[in-house]
Amino acid sequence: KQEVTQIPAALSVPEGENLVLNCSFTDSAIYNLQWFRQDPGKGLTSLLLIQSSQREQTSGRLNASLDKSSGRSTLYIAASQPGDSATYLCAATDNYGQNFVFGPGTRLSVLP
Amino acid sequence: DTGVSQNPRHKITKRGQNVTFRCDPISEHNRLYWYRQTLGQGPEFLTYFQNEAQLEKSRLLSDRFSAERPKGSFSTLEIQRTEQGDSAMYLCASSFQPLTSGNYEQYFGPGTRLTVT
Numbered sequence: 049k050q051e052v053t054q055i056p057a058a059l060s061v062p063e064g065e066n067l068v069l070n071c072s073f074t075d076s077a078i079y080n081l082q083w084f085r086q087d088p089g090k091g092l093t094s095l096l097l098i099q100s101s102q103r104e105q106t107s108g109r110l111n112a113s114l115d116k117s118s119g120r121s122t123l124y125i126a127a128s129q130p131g132d133s134a135t136y137l138c139a140a141t142d143n144y145g146q147n148f149v150f151g152p153g154t155r156l157s158v159l160p
Numbered sequence: 016d017t018g019v020s021q022n023p024r025h026k027i028t029k030r031g032q033n034v035t036f037r038c039d040p041i042s043e044h045n046r047l048y049w050y051r052q053t054l055g056q057g058p059e060f061l062t063y064f065q066n067e068a069q070l071e072k073s074r075l076l077s078d079r080f081s082a083e084r085p086k087g088s089f090s091t092l093e094i095q096r097t098e099q100g101d102s103a104m105y106l107c108a109s110s111f112q113p114l115t116s117g118n119y120e121q122y123f124g125p126g127t128r129l130t131v132t
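Those protein sequence lines, which keep their order, are chains U and W.
Take the position in the first sequence, starting the count at 1, then add 48; the result is the number in the working numbering.
Take the position in the second sequence, starting the count at 1, then add 15; the result is the number in the working numbering.
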């Protein structure tokens, strides 16, 4: 059974700092890994999706990497801004995208 | 608006009552997923549909829960005889699965927050 963990559970950084969020999964037979952002009381916004054949994806100030052999993915946020404050969740799919397993999330606070 | 929509956004009900939620996916998406999320946790998978067929159900989906997607478009999630433990955010997501392999990127709706008193 796939299990996904995220560390740290919470992170507080000053504006402008670069930061890394970590996601670990137990079953390396994943098809996709997707990173989401969730604002309080809201739904999830997709940030980046990495297919199992890829090593990384980039969108603006965000870069996500995937290392299936070690069961890890990282989300790198460059030059953080207060508007980046949210909970960041990663989710791994099993084969054929039949089941998404989410981590508990990292709550990020970027202080002005 | 071409995103995933969910109604109602909030529902307060008394224990023992039945509730029904609706999800309208992105129009060309053939897959539709339901999740439940409690405070401080990531979403937990409940069930998913490929067109109108319900292909997988989690152990979390007790007999009091039923989901339908009658015409392969919108979906409903019904909870019968609600319990206080059913209080959570219920999230719907949709994706497109092509005939060949694809990326299955999921797009989420805003969720329905259920409070059972």
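Calculated directly from the structure, the hints in this document are not laboratory data.
Certain hints may be false.
[Unchecked claim] What follows is a set of in silico ranges between Cβ atoms, one per label pair, in the way DEER data are often shown:
| id | chain 1 | residue 1 | chain 2 | residue 2 | range |
| --- | --- | --- | --- | --- | --- |
| 1 | W | S77 | U | S94 | 25 to 33 Å |
| 2 | W | N22 | U | S94 | 36 to 44 Å |
| 3 | U | P62 | W | N66 | 44 to 52 Å |
| 4 | U | P62 | W | D78 | 49 to 57 Å |
| 5 | U | S94 | W | E71 | 35 to 43 Å |
| 6 | W | G31 | U | R103 | 17 to 25 Å |
| 7 | W | K86 | U | P62 | 31 to 39 Å |
| 8 | U | D75 | W | R128 | 18 to 26 Å |
| 9 | W | K72 | U | R103 | 31 to 39 Å |
| 10 | W | Q32 | U | S76 | 39 to 47 Å |
| 11 | U | P160 | W | E71 | 26 to 34 Å |
| 12 | U | I55 | W | F111 | 31 to 39 Å |
| 13 | W | N66 | U | T106 | 28 to 36 Å |
Cβ atoms here follow ideal geometry from the backbone N, Cα and C, with glycine treated the same way.
We went through each hint and held it up to the structure:
| no. | hint | verdict |
| --- | --- | --- |
| 1 | S77/W / S94/U: 25 to 33 Å | holds, 29 Å |
| 2 | N22/W / S94/U: 36 to 44 Å | violated, 21 Å |
| 3 | P62/U / N66/W: 44 to 52 Å | holds, 49 Å |
| 4 | P62/U / D78/W: 49 to 57 Å | holds, 51 Å |
| 5 | S94/U / E71/W: 35 to 43 Å | violated, 21 Å |
| 6 | G31/W / R103/U: 17 to 25 Å | violated, 52 Å |
| 7 | K86/W / P62/U: 31 to 39 Å | violated, 52 Å |
| 8 | D75/U / R128/W: 18 to 26 Å | violated, 31 Å |
| 9 | K72/W / R103/U: 31 to 39 Å | holds, 34 Å |
| 10 | Q32/W / S76/U: 39 to 47 Å | holds, 44 Å |
| 11 | P160/U / E71/W: 26 to 34 Å | violated, 44 Å |
| 12 | I55/U / F111/W: 31 to 39 Å | holds, 32 Å |
| 13 | N66/W / T106/U: 28 to 36 Å | holds, 34 Å |
Violated hints for the displayed structure, listed by number in ascending order: 2, 5, 6, 7, 8 and 11.
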